[in-house]
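Spelled out, the chains give:
2 protein chains.
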Amino acid sequence: MSKVITPMEQDYSQWYNDLVLRSGLADYSAVRGCMVIKPYGYRLWENMRDVLDKMFKDTGHVNAYFPLFVPKSLFEAEEKNAEGFAKECAVVTHYRLKNDPANPGKLMVDPEARLEEELVVRPTSEAIIWNTYKGWIQSYRDLPILVNQWANVVRWEMRTRLFLRTAEFLWQEGHTAHATEQEAREEAAKMLEVYADFVENYMALPVVKGVKSESERFAGAVDTLCIEALMQDGKALQAGTSHFLGQNFAKAFDVKFSDSNNKLEYVWATSWGVSTRLIGALVMAHSDNQGLVLPPKIAPLQVVIVPIYKGDEQLAAITDTLKPIISQLKDLGISVKYDDSEHARPGWKFAEYELQGVPVRMAIGARDLANGVAEIARRDTKEKMTVNLDGIAFYIKTLLDEIQLHLFEKAKNFRAEHTTEANSWDEFVSILDGKGGFVSAHWDGTAETEEKIKDLAKATIRCIPLDAKEEAGTCILTGKPSNKRVLFARAY
Amino acid sequence: MSKVITPMEQDYSQWYNDLVLRSGLADYSAVRGCMVIKPYGYRLWENMRDVLDKMFKDTGHVNAYFPLFVPKSLFEAEEKNAEGFAKECAVVTHYRLKNDPANPGKLMVDPEARLEEELVVRPTSEAIIWNTYKGWIQSYRDLPILVNQWANVVRWEMRTRLFLRTAEFLWQEGHTAHATEQEAREEAAKMLEVYADFVENYMALPVVKGVKSESERFAGAVDTLCIEALMQDGKALQAGTSHFLGQNFAKAFDVKFSDSNNKLEYVWATSWGVSTRLIGALVMAHSDNQGLVLPPKIAPLQVVIVPIYKGDEQLAAITDTLKPIISQLKDLGISVKYDDSEHARPGWKFAEYELQGVPVRMAIGARDLANGVAEIARRDTKEKMTVNLDGIAFYIKTLLDEIQLHLFEKAKNFRAEHTTEANSWDEFVSILDGKGGFVSAHWDGTAETEEKIKDLAKATIRCIPLDAKEEAGTCILTGKPSNKRVLFARAY
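Chains as they are written, first to last, in our numbering: chain U, 2 to 493; chain Y, 2 to 493.
I should point out that these hints are in silico values taken from the structure, not numbers from a laboratory.
Certain hints may be false.
[Unchecked claim] In silico DSBU-like links for lysine-lysine, alpha-carbon gap of 35 Å or less:
1. U:LYS398 <-> Y:LYS298
2. Y:LYS58 <-> U:LYS338
3. Y:LYS191 <-> U:LYS324
4. U:LYS81 <-> Y:LYS99
5. Y:LYS298 <-> U:LYS58
6. Y:LYS81 <-> U:LYS99
7. Y:LYS459 <-> Y:LYS210
8. Y:LYS383 <-> U:LYS257
9. U:LYS81 <-> Y:LYS107
10. U:LYS338 <-> Y:LYS385
11. U:LYS55 <-> Y:LYS298
12. Y:LYS252 <-> Y:LYS107
13. U:LYS58 <-> Y:LYS331
14. Y:LYS453 <-> U:LYS191
15. U:LYS236 <-> Y:LYS55
16. Y:LYS470 <-> Y:LYS459
17. U:LYS331 <-> Y:LYS324
18. U:LYS264 <-> Y:LYS350
19. U:LYS338 <-> Y:LYS55
20. U:LYS252 <-> U:LYS311
21. U:LYS324 <-> Y:LYS298
22. Y:LYS81 <-> Y:LYS331
23. U:LYS385 <-> Y:LYS58
24. Y:LYS331 <-> U:LYS55
25. U:LYS257 <-> Y:LYS99
26. U:LYS107 <-> Y:LYS252
27. Y:LYS81 <-> U:LYS58
28. U:LYS99 <-> Y:LYS236
29. Y:LYS191 <-> Y:LYS236
30. Y:LYS191 <-> U:LYS298
31. Y:LYS338 <-> U:LYS298
32. Y:LYS455 <-> U:LYS99
33. U:LYS459 <-> Y:LYS107
[Unchecked claim] Partial pick of chain U residues on the chain Y-facing surface, computed with a CB cut under 7 Å:
34. TYR43
35. ALA65
36. PRO72
37. THR94
38. TYR96
39. ARG97
40. ASP101
Predicted model, so just to flag it, every value in this text is computed and none were measured.
We treat Cβ as the ideally placed atom computed from N, Cα and C, and that holds for glycine.
Just chain U, with the same shape it has in the complex (with noise of 0.2 Å):
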């Protein structure tokens, strides 16, 4: 396969496809709209997710693991979480192959097999959950439940793309249970946080957070909560979502606890979720025409150093001088690899490097080492620097902070640049067919109207941020009186 990249200037979503292919991050399945995550795109998982991970046990959540099934009778319960994901489900009927007599050699599903009732493979948790927690919440001793699950989910998305949209994919649910509406609200509205400082100082990309507009809101939510990014060809990305569920599921399924004066309540809820969409946010955020460009602090490799030689006494001298510096690094905790293979030239290893985004490359000759230096590659700013071999290892530390906050600087800069005020329809319109990004405009507060929009101007609510100030205004479209401005984008 070609590494070349198409040009995001030629082609964004071509360049997309290229990267996540060619970097290795993913690759096609045998399965409509479902990828598989090669081992590369995989550690980056594995990297985000330990984070969050530890992130959520601070905060007092436990990991647990529910069925991948969820009957039919109970996906229905919730009346507006079936009808959110009904239309898109896949759906286990039968469970028995048999060899079809019309073609020997080929399976058919057994028609004597089939299930008694039908099972949806989750979309989602909550009804699942919701009927398991049933029986574990008697009193509010037994409140709150803070559990997460780190699992698989499928949703039969028809326009499917790597990481964004997948039929399959990777996630965590938090389903929490609490006492009170009050509680709930602050678990979820935590959450959030939990979210924005794992995007913003892990993720390198600055988030607005915010409430979706009823239209968008989670199918079963009383208020869905969320992140949104900005990717560098302008269009929105959720990032992340967090729900204030009320009592809806406790009453779909009957949870009742007994509170401190012994009378019967229902439960509050909330869930939360981010997913391997979030690879799909990562790249199109800081990479560029030349391959991934990864935060420091999620990467699967820091540092890559290469080895300039001719002969095998040049690569055992560079060898030998290097070995004391890599124990260094990674005593310091930072990932290095050390390229000596024959099998290809610097200059190919250097584009290999690139490609996968590796955020420092070092790089160290003949002539170098008799002058104690190296050279130092910043994958972010391909700047270049000649740094001398006597404390290289922190100047490495160093520098993988500083890279990290540049492209966080750098993300937020371009979210400042493409975030614009609009205060007329023909200028909302002109935003959106021009530089893009996010629009800050006011809106009339009905489903109708923003729906009007979308089809007008393919622009969604993003969300309504969580610091917008109160302020008289029209909307945009309707002219209709307004007291705060909300945000509007195209949107993945």
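Add chain Y to chain U, keeping to what the hints say.
Frame of chain U, contents of chain Y only:
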């Protein structure tokens, strides 16, 4: 739910179920044969997974993720594999539910949303993975591929038991591709060693390493290596398998590589896996009528400290003294919980932590404090020791190591007492009907005899031990000549 556990002497099977449910490892679910892994059980699985994952990475493997679904046409490609799993697989036939006009509020499968090709929920992933490897392998330079996957799989078992046999379970499956038969065989053997190392040194469970007879072989394998462990009721349990797959899957999916002489060859394969079934083995091997007994190296919680006090002042004094000890324990890498909750009396707490199998309990009251001592109780032997607070953290660290070893030695002694040579059919049956365990006996090597023995004595060949020595003898059933003993047992 009552915390009383049926004594194992009375009903071993009920003891096991009671224990798994009441210690909070798992719960039944609304889905036939599927279980909920509760937080305590999942934490145990996380600990086991983390150790294994490191072992896999240390032996050069990387993780990846492949689709949950296997299209029927891929599933049936490797004939024996398909035959082995077709009888018990979950089949997705539709991708949508719709409102059922006959039952308002209910959903039904939408007959218009039938998949063109049915999808099997993976019972194992050789088919989908080898179909993918076809695109990854052209030349010997692309080999070996050393990939592992942590995933859920589904096998529609008719008789299920928590952890031991469930329709859905969690596991890891390694799938490697090699240029030569020898390299693949060495890989399969190496991973068996990794499993044996893990099960013996972390789960404290001695295993016999061996090869499966042809009829017990994995469907699609040329050879199945296995580790077999013994439970306290004298029944054996297969704890892990590592398969040499030959070129079966490469041929089924047409995966060839050009070797260094530019000659096209089929690729050689292995696969290997362990699952949440190991948790069942862990429970059955070490626990007692009071609850779980967990090896310190993988226990979710290693040390619990229970203060015994009257009034806040006593509690404060105890807490002050314990604070530095607790941080010292943590610094030593020991997980510790200080349970000063007021909701329960010390006796209740003691029983609870015994049920949960926490390896070491420390109790300390006002008088102990005055004497500068604490009471240490071992979960495994139930011994209690009065120990000086001075240096108690190091004492506990050593004790944890001792408990780990003791559990292994105890299980090893049990196995030695329950491994018997049988030289006649009567002897064979009387051992199985008596103390049970492994029975080492001669077998004529035919599948027919193996099947008869299974019918007559309910015992299967667990394995042909790798270290079985040449020894002339006659088959226990047919009297035909045999040159080595194999290991029989009744098994889970």
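Structure-based check of all given hints:
| no. | hint | verdict |
| --- | --- | --- |
| 1 | U:LYS398 <-> Y:LYS298 | holds (33 Å) |
| 2 | Y:LYS58 <-> U:LYS338 | holds (15 Å) |
| 3 | Y:LYS191 <-> U:LYS324 | holds (29 Å) |
| 4 | U:LYS81 <-> Y:LYS99 | holds (13 Å) |
| 5 | Y:LYS298 <-> U:LYS58 | holds (20 Å) |
| 6 | Y:LYS81 <-> U:LYS99 | holds (13 Å) |
| 7 | Y:LYS459 <-> Y:LYS210 | holds (22 Å) |
| 8 | Y:LYS383 <-> U:LYS257 | violated (40 Å) |
| 9 | U:LYS81 <-> Y:LYS107 | holds (12 Å) |
| 10 | U:LYS338 <-> Y:LYS385 | violated (50 Å) |
| 11 | U:LYS55 <-> Y:LYS298 | holds (20 Å) |
| 12 | Y:LYS252 <-> Y:LYS107 | violated (47 Å) |
| 13 | U:LYS58 <-> Y:LYS331 | holds (17 Å) |
| 14 | Y:LYS453 <-> U:LYS191 | violated (63 Å) |
| 15 | U:LYS236 <-> Y:LYS55 | violated (39 Å) |
| 16 | Y:LYS470 <-> Y:LYS459 | holds (26 Å) |
| 17 | U:LYS331 <-> Y:LYS324 | holds (33 Å) |
| 18 | U:LYS264 <-> Y:LYS350 | holds (28 Å) |
| 19 | U:LYS338 <-> Y:LYS55 | holds (18 Å) |
| 20 | U:LYS252 <-> U:LYS311 | violated (74 Å) |
| 21 | U:LYS324 <-> Y:LYS298 | holds (33 Å) |
| 22 | Y:LYS81 <-> Y:LYS331 | violated (51 Å) |
| 23 | U:LYS385 <-> Y:LYS58 | holds (33 Å) |
| 24 | Y:LYS331 <-> U:LYS55 | holds (17 Å) |
| 25 | U:LYS257 <-> Y:LYS99 | holds (30 Å) |
| 26 | U:LYS107 <-> Y:LYS252 | holds (17 Å) |
| 27 | Y:LYS81 <-> U:LYS58 | violated (44 Å) |
| 28 | U:LYS99 <-> Y:LYS236 | holds (33 Å) |
| 29 | Y:LYS191 <-> Y:LYS236 | holds (27 Å) |
| 30 | Y:LYS191 <-> U:LYS298 | holds (33 Å) |
| 31 | Y:LYS338 <-> U:LYS298 | holds (31 Å) |
| 32 | Y:LYS455 <-> U:LYS99 | holds (26 Å) |
| 33 | U:LYS459 <-> Y:LYS107 | holds (34 Å) |
| 34 | TYR43 | holds (5 Å) |
| 35 | ALA65 | holds (5 Å) |
| 36 | PRO72 | holds (6 Å) |
| 37 | THR94 | holds (5 Å) |
| 38 | TYR96 | holds (4 Å) |
| 39 | ARG97 | holds (6 Å) |
| 40 | ASP101 | violated (9 Å) |
The earlier numbered hints that this structure contradicts are 8, 10, 12, 14, 15, 20, 22, 27 and 40.
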